[in-house]
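Asks: Join the two chains into one complex using the hints; note that each chain is given alone, in its own frame.
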Amino acid sequence: MVGGILDLGEMSTFFTSSMGWLVRPPFRLYEIFEQIEFVGNKSVFIIMLSGLFTGMVFALQTYSAFHVVSSETLIGPTVALALTRELGPVMTGLIVAGRAGAAMSAQIGTMRVTEQIDALEVMGVNPKQYLVTPRIVACVIAMPLLAAVFDFIGNLGSYYLSTHLLNIDAATYLDKINLFTRPKDIAQGLIKAAFFGLIFSLIGTFKGFHTKNGARGVGMATNETVVLSSILILVSDYFLSALIKMIMY
Amino acid sequence: MENAIELINLRKSFGPNGDVLKGVDLKVPRGKITVIIGFSGAGKSVMLKHILGLLKADQGTVTVLGQDLGRLDEHALNEIRKKFGMLFQSAALFDDMTTIENVEFPIKEMRRKLKKQEIRKEAEQRLKVVGLGPEHYNKYPSVLSGGMRKRVGLARALALEPEILLYDEPTTGLDPVLAETVDDLIVSTHNHRPGLTSVIISHDLPAAFRIGDYVAMLDGGKIRLFGPPQVFFESEDPFIKKFVHKVKEYVGEGRGAPP
Chain A
92 MVGGILDLGE MSTFFTSSMG WLVRPPFRLY EIFEQIEFVG NKSVFIIMLS GLFTGMVFAL
152 QTYSAFHVVS SETLIGPTVA LALTRELGPV MTGLIVAGRA GAAMSAQIGT MRVTEQIDAL
212 EVMGVNPKQY LVTPRIVACV IAMPLLAAVF DFIGNLGSYY LSTHLLNIDA ATYLDKINLF
272 TRPKDIAQGL IKAAFFGLIF SLIGTFKGFH TKNGARGVGM ATNETVVLSS ILILVSDYFL
332 SALIKMIMY
Chain B
16 MENAIELINL RKSFGPNGDV LKGVDLKVPR GKITVIIGFS GAGKSVMLKH ILGLLKADQG
76 TVTVLGQDLG RLDEHALNEI RKKFGMLFQS AALFDDMTTI ENVEFPIKEM RRKLKKQEIR
136 KEAEQRLKVV GLGPEHYNKY PSVLSGGMRK RVGLARALAL EPEILLYDEP TTGLDPVLAE
196 TVDDLIVSTH NHRPGLTSVI ISHDLPAAFR IGDYVAMLDG GKIRLFGPPQ VFFESEDPFI
256 KKFVHKVKEY VGEGRGAPP
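Protein chains in written order, with the working numbering: chain A, 92 to 340; chain B, 16 to 274.
Bound-form chain B, shown alone (with noise of 0.2 Å):
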């Protein structure tokens, strides 16, 4: 299929004032990198739950891998789960877990027939990836600092080998050179695995334009614009142009730099 996440419609509201999605329509595409803008308190990760199967829409559809969530009994729900691997915006590893445990945890949960040694080897070549080696292993999260915790949480999300990654505000409250590193990785991530499709929600401006290849804004809970950065750009909506022109000024050589 050519989407990897379809919302339909989605509508969500938490008490009689609290309406946070009024109908938002998105259509993430496989296999690239999407960034989903918005102002703190648009509905980020309220959505983001949504996709992730945390939250039951009050109406509309989530359609994840080409399957309605809202049709799926608890059971399946927890097969698609396996599909997907998350970064929360603290990692929220898991504290009473060394480094390795935390990332071997996902796969002695959901491949209970490997042995011992061979869930160890996985969780190492994570790490791995992610430039952690054997001194960190036994580590616990409170001693690493944001960065290693960032890259531990990382790697555990790799851990199954997701078809969806998803970055909740990867780069929020890091220093810029810090943040640049995680971007840098969340690209490398993504091109290393082809077919993987990568969702990050974020505000930071500059770097969704950056690394993302397609960028989605949401403003007054529904998605005010979607495609490559270049519509951004080329937008006349008087909002966006402003929007924009202050982003111009960052953007430097990437994959959606302006012309």
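So that you can see chain A by itself, here it is in the shape it has in the complex (with noise of 0.2 Å):
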């Protein structure tokens, strides 16, 4: 427990100190690329994927509890705002954090584990630099874009199913959304999933670059950003959504 919170404390100078890289040069900007393809692009099918089914098993669920009440038009709208507030960052943290965050501490692990970190520094490299900064800045800008994704396809999805499968009328599906959301219900959902990011490549990433013991130590750090980053993740959508709440609305 405490171990727990040293490991917090140890976390944030470790932030610090690698975001106060960010504007010194070299910039690093090849290296960020090539982190947002990994994390983004390749994320793109299973996202989308994971979006589909989501939205529509989400539309199917709606479905029978609105029947009862005969307010089957408000799938649509609860669909959307379900997705773009909550189910979108989530569920794409969620996925991107075992994808993309289980490989970044593997990685930074192994090199750690082999001394090639070391080897950086000898060579005048800095490694938080050179492996850290760019890899949380990349899932900070792509996170918010593979959310904004699984949105859009989880909408899809939905809309497909209710009206091709449920009989509601597409005219009305659509107009009721138009009603009931608004850009800020997509924004804050962005900004969650930005968070998100920043949660799981700032474990995964310190968990990397502090892996001791060889393969073994590798696979504990692995397993330690998985389970931490999803914990986090889920907590802070808590704590983030009520402060939202008492914001915007």
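Note that these hints are calculated values from the structure, not bench results.
The C-beta atom is built at its ideal place from N, Cα and C for all residues, glycine as well.
A couple of the hints might just be wrong.
Calculated pairs, BS3-like style, for lysine-lysine (alpha carbon to alpha carbon, straight line, at most 25 Å) [to be verified]:
id, chain 1, residue 1, chain 2, residue 2
1, B, Lys47, B, Lys237
2, B, Lys98, A, Lys219
3, B, Lys64, A, Lys219
4, B, Lys123, A, Lys219
Quick list of simulated restraints, FRET-style, between CB atoms [unchecked claim]:
id, chain 1, residue 1, chain 2, residue 2, range
5, A, Leu97, B, Gly46, 44 to 50 Å
6, A, Gly310, B, Val144, 36 to 42 Å
7, B, Arg127, A, Lys275, 41 to 47 Å
Replies: Here is the structure:
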């Protein structure tokens, strides 16, 4: 428990020192784009797949409830709001944390135990600037984009399910969405997604950087990254949502 | 200056019972091959990390090429590091880069004004020196043999034409034939670069006496003895005598052959 709190402190210093390197040359633009491609482009397919089925199942389940009170037309906005505000960012966060966050800790952890990070330092290259900062920046940029994809495909799936299987009028479906959804509903989800990106990239790079004990250590670091990231995403989601509610509504 | 590296009363400990270096005094002469020997766990790698500025001493000073590392900021420290080349125990090649990219890396980082082709040419030159031709350029470290990895590591260490070349256990874990090849490579590399200071951390004792101009023995957190191999063979210290007796049998013709 104490160890966990100490870790948190260490992580904050780790974060601040890594971010300090953002404003010092060399700017590592190539590495940032490389990471955006890894975190972003390579996650698109799985995000689309997840988004599609999440949107569809949510529409299905909402239908059961609303059908009882004959409010099927509200499925559109309900699904839309649920996706953009919560499901989009959180699901994207969990999926990408498992994918990219784990990969980050595994790769950096392996570099640590094979002395590659020492080699970087010896060559006068700051390992945080070269390895950590680009990854964190890339995740903060890529995550909102991925969440947006999730939201869009999810709504698409929900739309097709509703209009073709559940016999809801297409025009009404779309009209109601327009009535109840505001840009700020989408925006808050994207901000959350960026924040989740920050969480798992920080944890992933931190755990990787501080890996010890060879292969076993790398395995542990990866495991801890996914578990901790997932928990923190879910927990912070609540607090973020509460905060957003206070500020925006 | 006469000494490339000077350690004065270097002390370092990790935690309450983790005294590793207990007052190390060492002067590494410029332009020579110095081998630092000592049993496993004696603190050789820790000492090496101090020389590189990767660790900060609890007490004492570390002076490299006339500069006190303790007084340098991150930027100045990085400048000094450009004058070092280091071969890690397992070569520590970047496994997401090919052979040629590994060697190009320090050149790209430190000499940003060079064009791509020029960087490539320099890298090819370094690889040629260690006996690796174009057929190896695009291979990844994972498909290279241990010996080849060391050679790529050496080429990378030499990329920026350093003044001080450090080797961390270069032959540990290699078969005797390969070990001797690596030793010869170390010597020929040294001889081809006038003014280069080579520092080798090793526990290959026969090799140390065969190739070293100077040998330093790290024992109990301090330098027990330092000097040309002669000094070890002529020492009256019973510990050293027992130590050397075993080694004498293996040392053949070489820079430090006994009389």
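Asks: Against each hint, give a clear statement of whether it holds in the structure.
Replies: Results for each hint:
1. Lys47/B with Lys237/B: holds, 21 Å
2. Lys98/B with Lys219/A: Distance ~22 Å between Lys98/B and Lys219/A Cα, so the pair holds.
3. Lys64/B with Lys219/A: Measuring from Cα to Cα gives roughly 18 Å; hence the hint holds.
4. Lys123/B with Lys219/A: The given pair, whose Cα atoms are some 18 Å apart, holds under the 25 Å limit.
5. Leu97/A with Gly46/B: 44 to 50 Å: holds, 47 Å
6. Gly310/A with Val144/B: 36 to 42 Å: At 39 Å between Cβs, range holds.
7. Arg127/B with Lys275/A: 41 to 47 Å: Check passed, 45 Å falls within 41 to 47 Å.
Hint compliance for this structure: no hint is broken.
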